[in-house]
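Participant: On the provided structure of chain A, position chain B as indicated by the hints.
Chain by chain, the residues run as shown.
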Amino acid sequence: MTDQNRTSTMGTSILSRFIECSTQFPDNPAIFVDDRSYTYGELNGLCSAMCALLKAHDIKKGDRVGIFTENNIYTYASLLGILSCGACYVPLNYDSPVERNIGIIADAGIKVLLYTEKEDKARELSVSPGTECRPLHNRVTPNPGKLDPVDQKHGDFCYLLFTSGTTGKPKGVPIYQRNLSAFLDMMLERGRYDFNRNDRFLQMFELTFDLSVFSFLVPLSVGASFYPLPQKEMAYLEVADILETGEISVALMVPSVINYLKSYFGEINLPKMRYSLFCGEALYHETLTGWARCVPHAKIENLYGPTEATIFCLRYEWQRGESLHPQGKGIVPIGKPMEGMEAFKLHENNLDAEGELCLSGDQVTFGYWNNSSKTSEAFGTRENGKKFYRTGDLCKVDKDGNFLYLGRIDNQVKIDGHRVELEEIEFHARVFCGDKQVIAAVNTREGGFLSILLFIESEKDLKKGLEEHLKKHLPDYMIPKEIITVSLFPLNSNGKTDRKALINKYLQNLQVVPQ
Amino acid sequence: MKKEEITGKLKSVFQKVFEENDITISRETTAQDIDMWDSLRHIQLISEVERAFGIKFKLREVLRMKNVGDLIDLIDAKQGVPA
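Top line first, the protein sequences correspond to chains A and B. Numbering of the first sequence is given in the numbering used here, commencing with residue 1 and proceeding in unit increments. Numbering of the second sequence is given in the numbering used here, commencing with residue 1 and proceeding in unit increments.
So that you can see chain A by itself, here it is in the shape it has in the complex:
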């Protein structure tokens, strides 16, 4: 990879735009957090101080630095500080099970774990066997000097995010300067979006979710401000509140949010919204039609992209008054590749057939972290020598060249935008249940919300202990909402467990809630 050593040129490096904005508009608000606003000048000073702190603790280029996703200014200063050292940030949710976080720290080789308030949790993680990381308090005082990042090269790491893995162990997705540069260039240089310093962005995502990178780095690159969500519980309510009080003009959200807000559409009026963007889950045409009335002046887009291809890379501009796509199964199309990226179906023999969506281009990362087997399963090389990534998403292309999302080819589902491998849940359930058969599935509840079910083939009721066990290993959104004990799983004609029959039988037995 000869262009690994290519330096990002000034004006296109991921931090240089932020630094330029800090010089040009030091008094412009950058972040609204901790019940106050911080200016570009203040943020720059804090980042500078963070960078110095990390260097004093021996953090060098390529090192992985863990950071608790506490919602405050120091966390954001830390992210930028880490990047300016040429190091790689690894966000950790302090509420995740300890065992899971320890696994990530060990796998990523994290040397230092930054925290602001959650000192006890940081210490708990750093003294556990298998980790050699040091907790480091990140409440710094601003440096008067300007942020001065090290030379950034295309092969340098930016961040490493861990997502649900089928084997029970989270999978690390590293994103490099080259990938993130390509994304920022595409968003900011190619003229599609006119984001400017008067915009106010919503930042609704956990920092462990790469959509957060759009929500904080794009505004900081154009002199705009952003509003992070103060708490993640009842996110849909918090979002509705901030969209209005913050007069948000650019909002990237997961479709679940508008699904939760459906019954209140008549009360929501957001005239200041300029861009209402969606990503992370299937977006339903009907729900979007209702939402569109809440944002009368906004451009509405459906965006698509896995973490492995840096944030998103396909877009579809949804028009008011357009009818439901006849082939889309109620879902808004995911559209066409953005500049610099290519999308194609695996096995392109039949243009009308379904196929697995594959992506090529500078936003696609090089492979999974420390996991050559998963990498060789998902990443390949095309006939023309270009690398590509297999998304696992089933798709079709319509006559206008728009991609349509049709579902997964495996057992991965999205819960509120979070990637969940059902096999990961099954793995941990099996550990507790011994050699019993387990099946995790999703159920679509009233209102169109997905929730996870877990079936266990057992004579005894193992629910109580099992739930406690799962909570020790899986984040909240992966805990099954219902655990159902079945004495014998139905088999299909091949003698294998019939997943469909099992779920259908359960659905039939569900009590109908009186209207």
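Any given hint could be a false lead.
Subject to a maximum C-alpha distance of 35 Å in a straight line, what follows is the list of computed DSBU-like cross-link-like pairs (lysine-lysine) [claimed, not checked]:
| no. | chain 1 | residue 1 | chain 2 | residue 2 |
| --- | --- | --- | --- | --- |
| 1 | A | K336 | A | K169 |
| 2 | A | K232 | B | K11 |
| 3 | A | K464 | B | K9 |
| 4 | A | K460 | B | K66 |
| 5 | B | K66 | B | K16 |
| 6 | A | K481 | B | K66 |
| 7 | A | K386 | B | K9 |
| 8 | A | K472 | B | K16 |
| 9 | B | K78 | A | K463 |
| 10 | B | K2 | A | K505 |
| 11 | B | K78 | A | K272 |
| 12 | A | K262 | B | K16 |
| 13 | A | K336 | A | K399 |
| 14 | B | K16 | A | K505 |
| 15 | A | K460 | B | K9 |
| 16 | A | K272 | A | K345 |
| 17 | B | K9 | A | K262 |
Just so you know, the hints here were simulated from the structure itself, not pulled from any lab data.
Facilitator: Showing chain B alone in chain A's frame:
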């Protein structure tokens, strides 16, 4: 309906939504205090409360609810019955 009655009826709504017979609620109870009280449960809870008491909440009202006490007061106000 008196506030005590509201609280009693509300408790059974909670028991139904959270599928927990030994759930306890007080005026100070918040989402942090009850396990697995996430957005989905919240929507289900609001829906069940509306159904059980024959009322409808506005988004503003749902946004302002910080604890179960706020919920009780709101149900009370909507019933038009003095506490």
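Participant: Work down the list of hints and note, for each, if the structure agrees.
Facilitator: The hints, checked one at a time:
The straight-line distance between the Cα atoms of A:K336 and A:K169 is roughly 33 Å, inside the 35 Å bound, and the hint therefore holds. For the given pair, A:K232 sits about 25 Å from B:K11 by alpha-carbon distance, which is consistent with the 35 Å threshold. Pair hint A:K464 plus B:K9 holds up; C-alpha atoms about 27 Å apart against a cutoff of 35 Å. Restraint check for A:K460 and B:K66: not satisfied, since their Cα atoms lie roughly 40 Å apart, outside the 35 Å limit.
A hinted pair counts as satisfied when its Cα atoms are at most 35 Å apart, and B:K66 with B:K16 qualifies at roughly 21 Å. Distance restraint check for A:K481 and B:K66: the Cα-Cα separation of roughly 24 Å lies within the 35 Å cut-off, and the hinted pair is therefore satisfied. Proximity of A:K386 to B:K9 is assessed by CA-CA distance (about 64 Å); at most 35 Å being required, the pair is judged violated. A hinted pair counts as satisfied when its Cα atoms are at most 35 Å apart, and A:K472 with B:K16 qualifies at roughly 26 Å.
As the CA atoms of B:K78 and A:K463 are separated by approximately 39 Å, the hinted pair breaks the 35 Å bound. In summary, the hint linking B:K2 to A:K505 is not supported, as the alpha carbons are separated by about 43 Å, beyond the 35 Å threshold. For the proposed pair B:K78 and A:K272, the alpha carbon gap of about 32 Å is at most 35 Å, so the pair holds. Pair hint A:K262 plus B:K16 holds up; C-alpha atoms about 23 Å apart against a cutoff of 35 Å.
Between the alpha carbons of A:K336 and A:K399 the distance comes to roughly 12 Å, so the proposed pair stays at or under 35 Å and holds. Taking the CA atoms of B:K16 and A:K505, the gap is near 22 Å; set against the 35 Å cutoff, the hint holds. About 33 Å separates the Cα atoms of A:K460 and B:K9, which keeps this hinted pair within 35 Å; it holds. Of the supplied pair hints, the one linking A:K272 and A:K345 is violated, its CA atoms being roughly 39 Å apart against a limit of 35 Å.
With a C-alpha separation of about 27 Å, the suggested pairing of B:K9 with A:K262 holds against the 35 Å cut-off.
Consistency note: the structure conflicts with the earlier hints numbered 4, 7, 9, 10, 16.
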